[in-house]
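Undergrad: Residue numbers (the working numbering), protein chains in the order written: chain A, 1 to 484; chain B, 1 to 95.
Take the hints with a grain of salt, since some may be wrong.
Unchecked claim - Calculated lysine-lysine pairs in the DSBU-like style (CA-CA distance at most 35 angstroms, straight line): (1) A:K82 - B:K92; (2) A:K4 - A:K286; (3) B:K92 - B:K10; (4) A:K85 - B:K92; (5) A:K411 - A:K262; (6) B:K10 - A:K411; (7) A:K82 - A:K61; (8) A:K4 - A:K61; (9) A:K85 - A:K61.
Just so you know, these hints were derived from the structure itself, not from any lab.
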Amino acid sequence: MHRKGLTELAAGLRAGEFSSVELTRDCLDRIGRLDGGLNCFITVTEAQALEAAQAADARLKAGDAGPLTGLPFAHKDIFCTKGVKTSCGSRMLDNFPAPYDATVTRRLQEAGAVMVGKTNMDEFAMGSSSETSYYGPVKNPWDTARVPGGSSGGSAAAVAACLVPASTGTDTGGSIRQPAALCGITGLKPTYGRVSRYGMIAFASSLDQGGTFTHSAADAARLLGAMAGFDERDSTSVDRPVDDYVAQLDEPLTGLKIGLPKEYFGAGLDAGVGASVEAALEEYRKLGATLVDISLPNTHLAVPAYYVVAPAECSSNLSRFDGVRFGYRAQDPRDLADLYTRSRGEGFGAEVKRRILIGTYALSAGYYDAYYLKAQQVRRLIRDDFLRAFEAVDVIMGPTTPSTAFRLGEKAGDPVSMYLSDIYTIAANLAGLPAMSIPAGFAGGLPVGLHVIGNYFAEARLLNIGHRFQQVTDWHVQVPAGYE
Amino acid sequence: MALDAEAVEKIAHLARLGIDAQHIPEYSRNLSDILAFVEQLDAVDTTGVVPLAHPLEATQRLRADDISETDERETFLAVAPSTEAGLYLVPKVIE
Chain A
1 MHRKGLTELA AGLRAGEFSS VELTRDCLDR IGRLDGGLNC FITVTEAQAL EAAQAADARL
61 KAGDAGPLTG LPFAHKDIFC TKGVKTSCGS RMLDNFPAPY DATVTRRLQE AGAVMVGKTN
121 MDEFAMGSSS ETSYYGPVKN PWDTARVPGG SSGGSAAAVA ACLVPASTGT DTGGSIRQPA
181 ALCGITGLKP TYGRVSRYGM IAFASSLDQG GTFTHSAADA ARLLGAMAGF DERDSTSVDR
241 PVDDYVAQLD EPLTGLKIGL PKEYFGAGLD AGVGASVEAA LEEYRKLGAT LVDISLPNTH
301 LAVPAYYVVA PAECSSNLSR FDGVRFGYRA QDPRDLADLY TRSRGEGFGA EVKRRILIGT
361 YALSAGYYDA YYLKAQQVRR LIRDDFLRAF EAVDVIMGPT TPSTAFRLGE KAGDPVSMYL
421 SDIYTIAANL AGLPAMSIPA GFAGGLPVGL HVIGNYFAEA RLLNIGHRFQ QVTDWHVQVP
481 AGYE
Chain B
1 MALDAEAVEK IAHLARLGID AQHIPEYSRN LSDILAFVEQ LDAVDTTGVV PLAHPLEATQ
61 RLRADDISET DERETFLAVA PSTEAGLYLV PKVIE
């Protein structure tokens, strides 16, 4: 049962081959047996999950099932869940049962999905390895000496190890696509504003976007359809109808123009990763697509611009954690200043502190123009590169990451080297474009991801492009040894 | 631009962020590395480029000035570290 994806499981539930309670118990059982070695989950919500599964079975029996009724999923611990601990991977929120549900939480509940737990992540989604969590690092199921990527590492590893058929994630600079690539699964970051940010704990508000982890693009289509849509509670939510992602999966790819930016295939790209990506591109050519060489000349500026914009917005967003209204409070504060300073000093880990400090510096008097304003100008140049490219091509492809999964601790002491693991993913966040990573093979026994960037609101096209590839390849159904 | 220990302490104060004295040299080194990295941006001529604040250039939506939320005071106070009589408690600020 655990090898099946959402689409197949939904059919099985409707046909009465198994119940949602049986399916949910199977997930809980696998989590209990296998998660000790992976650390994907911060909280397992067994009692609530079984209760939701029973309700789902009643709906299925009554013929009143929604698109996700009875299907188990894991929720990144950045999404607020009413009455359930929502830690964001931080000591700061270790004692925080969210007082309300995020819009994504509510939508998935309404669609009938069964949450089995909350997944581990880099603290406040700041990291590319899931090592900065207060709850300890997540391990990659393909090699537990290696990282699963981050920040949504728990969500990615849980799907890769078949503990759950699907999970949610958030992506500010690559936090869905990079772990999806490193764990060998499908990860989709929609267009900025497509999925509501309400109740999704904010890191960098102009970049944050919620999305999906699944084995297949077809499963992602089903999950995204339930998550996406306008929300008046998110001031940057886009008021535009949601496409029927499932309906467009089988469209032919004949005539599809794929842009290959020369900047994504240059120095710094691991040869094994490059070879897998080339082989995947050849599959697309066989499917009727045309490959076009293009250039995104400001690519090299994406990571530096990001490390001004993201920390600046982080320092502003995280000022709400002050030890007064929610979260961690230091013991016996001398005065109000001591309460703020020590609660924040003790509640946040090192990477979060680094980013708050960089952001505070970049926004401080006399430096705003030199850093934040400059970075926002460069951001436009990066966005304009994409607009020009999409006049000539339908989608852009390249590797999701420059290398396969790195070893735990390998980059922990060197922030800049860690930041560069998102070198191919960050530009899509700065431009607000939808992008996806799909499994494209292995290098040295570790998964490789193919990165596909689409034009604004082209999620249906991306999923179609992923689905057609997955009909002629089997990379997305590979499961790591020990988790079959 | 390199940030020395004094600069790190000043920024930490602005952010009301407690940093152990023993870790300041490490922050000073890491933050200086990050700033050196982002200073690649200085080489780009951005004269006349309008900063991009929102990827889709969206503007703030307006809505009617109606009451849309119910009173959730008790719910939100329940997750606070210290409250009394419907108020958040902090150390005394006036002697």
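Undergrad: Looking back at the hints listed earlier, which ones does the structure fail to meet?
TA: Of the numbered hints given earlier, the structure breaks none, since each of them holds.
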